[in-house]
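Sequence order for the protein chains is A and B. Using the numbering used here, the letters of the first sequence map in sequence onto residues 1 to 205. Using the numbering used here, the letters of the second sequence map in sequence onto residues 1001 to 1166.
Please keep in mind that the hints were generated in silico from the structure rather than gathered at the bench. Please read these numbers as outputs of a predicted model, since none were measured by experiment. Beta carbons: idealized from backbone N, C-alpha and C, even for Gly. One or more of the hints may lead you astray.
[Unchecked claim] With a straight-line Cα cutoff of 25 Å, these simulated DMTMM-like cross-link-like pairs (lysine to aspartate or glutamate) come out:
{"#": "1", "chain 1": "B", "residue 1": "1049", "chain 2": "A", "residue 2": "107"}
{"#": "2", "chain 1": "B", "residue 1": "1049", "chain 2": "A", "residue 2": "142"}
{"#": "3", "chain 1": "A", "residue 1": "56", "chain 2": "A", "residue 2": "142"}
{"#": "4", "chain 1": "A", "residue 1": "184", "chain 2": "B", "residue 2": "1064"}
{"#": "5", "chain 1": "A", "residue 1": "139", "chain 2": "A", "residue 2": "107"}
[As the list claims (entries may be wrong)] If you anchor each label on the Cβ, the simulated ranges turn out as follows:
{"#": "6", "chain 1": "A", "residue 1": "92", "chain 2": "B", "residue 2": "1046", "range": "53 to 61 Å"}
{"#": "7", "chain 1": "A", "residue 1": "148", "chain 2": "B", "residue 2": "1047", "range": "42 to 50 Å"}
{"#": "8", "chain 1": "A", "residue 1": "148", "chain 2": "B", "residue 2": "1112", "range": "47 to 55 Å"}
{"#": "9", "chain 1": "B", "residue 1": "1045", "chain 2": "A", "residue 2": "144", "range": "47 to 55 Å"}
{"#": "10", "chain 1": "B", "residue 1": "1060", "chain 2": "A", "residue 2": "191", "range": "27 to 35 Å"}
{"#": "11", "chain 1": "A", "residue 1": "98", "chain 2": "B", "residue 2": "1084", "range": "53 to 61 Å"}
{"#": "12", "chain 1": "B", "residue 1": "1073", "chain 2": "A", "residue 2": "142", "range": "52 to 60 Å"}
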Amino acid sequence: MTRKRWLVLTIAAVLAAISWAVAARVNGVVFDRATPVQFFTLNDHNGKPFTAEQLKGRWSLILAGFTHCPDVCPFTLANLEQVVTELGLRVRPDRLPAVVFLAVDPDRDRANIKDYVVQFHPDFIGVTGELGEIERALKGIDAVAIRAKPDPHGNYQVTHSAAVAVIDPQARLAAKINPPFEPKATADFLADLIRRGAAATEGSR
Amino acid sequence: MIGYVVDRRRSLAIGAILVTAVLQVALASAGEPVTAENAWIPWAPPAIKVHAGYMTVVNRSDVDQVIVGAHSPAYERVELHQSTVKDGLSQMRAVDEVVVPAHGRVAFEPAGLHLMLIGAKRASVVDGPVPIVLRLRGVEQVAVTAVIRRRDGGPSSGHHHHGASH
């Protein structure tokens, strides 16, 4: 009897240690209270309006970036593609998050945002628009973008928040996660968040 | 008079070729103190003209070597860049030089130190070779042939198992 109890306790401890290790590999924060994003009006990469309304009804992962970013932004987008693939093994297809690339450098982004984004996945959504609207969208996901001074060639960099915002189906900022993302651990983290969100929604009905 | 000028040009050209050949032999016999391994450029759609270049630069010599610049016939300009995350902000800045320590190596890799390849002159083709020249302090240059590859994604890719951390 006691031996059995020890065995159960040992197994429980091992499982706890494993889940802790998995959680530890995701650098993120889940907010106790999700904050609704503000209203903003942007366009998706096909020119269709993209507002906070488009965020409703499904989960979204939003990252800020710009198309003249050849290193970090593509790295994170490719990384997110792997995360979503892993997540597809864990949650129902209708609960899979949309990946939204919020392009913060509209002068240079407008022309090539579609090509830039769909190279990582045909379902990824590139979004951009007027600077003021981009600012509002950024505020909603608790992110910033700062344009640096141009170099002598007229080229400039844009410093932006590194975190990816996790938006729930009520268009609220539910969590933020920081790259790089280990695909399986991040998928576990998001699957847990999505299942809990679904349970809470169904529970409140 | 005209013939003289042409001859002189021709002899200059032949001279230059000879000097280059001698230098190449000299470099090769010196065992190429600095080389670049696994150089690659992530494939990008034709509309995207700014690319990144990755590689590992190896210094087999007894002295530190300093990369002070780079160029490529396939791009208008090549710069040395460093991506960093500081206070939650993702930043990219140009660096003037990169020191490769004696008997050491420096990795140009995603989300870190990389070559910023600006103004692609032609569309990228998977498996296509791209010549790049790294300029070292002094007179030496390192000829690199980068290969265009599709990105494979996350930090655990490149290893064929998942879940292992570095």
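Quiz item: Is the straight-line distance between the alpha-carbon of residue 1049 of chain B and that of residue 142 of chain A 25 Å or less?
Solution: 30 Å, violated
Quiz item: Are residue 56 of chain A and residue 142 of chain A close enough, with their CA atoms no more than 25 Å apart?
Solution: Holds, because 18 Å separates the two Cα atoms, which is no more than 25 Å.
Quiz prompt | residue 1045 of chain B paired with residue 144 of chain A, Cβ distance criterion 47 to 55 Å | solution = 28 Å, violated
Exercise. Sort out whether residue 107 of chain A lies within 25 Å of residue 139 of chain A, counting only the CA atoms.
Key: 20 Å, holds
Self-check item: Assessment of proposed distance window 42 to 50 Å (beta carbons of residue 148 of chain A, residue 1047 of chain B)
Solution: 23 Å, violated
Quiz item: Do residue 92 of chain A and residue 1046 of chain B keep their Cβ atoms within the hinted range of 53 to 61 Å?
Solution: About 37 Å separates the Cβ atoms of residue 92 of chain A and residue 1046 of chain B, which means 53 to 61 Å is violated.
Quiz item: So does residue 148 of chain A sit 47 to 55 Å from residue 1112 of chain B, Cβ to Cβ?
Solution: Hint violated: Cβ distance 19 Å, outside 47 to 55 Å.
Quiz item: Is it true that the CA of residue 184 of chain A sits at most 25 Å from the CA of residue 1064 of chain B?
Solution: 40 Å, violated
Quiz item: Does residue 1049 of chain B pair with residue 107 of chain A here, judged by a C-alpha cut-off of 25 Å?
Solution: Status holds; Cα separation ~15 Å.
Quiz prompt | Supplied distance hint 53 to 61 Å, evaluated on CB atoms of residue 98 of chain A and residue 1084 of chain B | solution = Taking Cβ atoms as reference, residue 98 of chain A and residue 1084 of chain B lie about 29 Å apart, which means the hint is violated.
Quiz item: Does the hinted range 27 to 35 Å hold for residue 1060 of chain B and residue 191 of chain A at CB?
Solution: Because 48 Å falls outside the window, the suggested range is violated.
Practice problem: May I ask you to test the hint 52 to 60 Å on the CB atoms belonging to residue 1073 of chain B and residue 142 of chain A? | Solution: Violated, since residue 1073 of chain B and residue 142 of chain A (Cβ atoms, about 44 Å apart) do not stay within the stated range.
Hint compliance for this structure: hints 2, 4, 6, 7, 8, 9, 10, 11, 12 are not met, and every other hint is.
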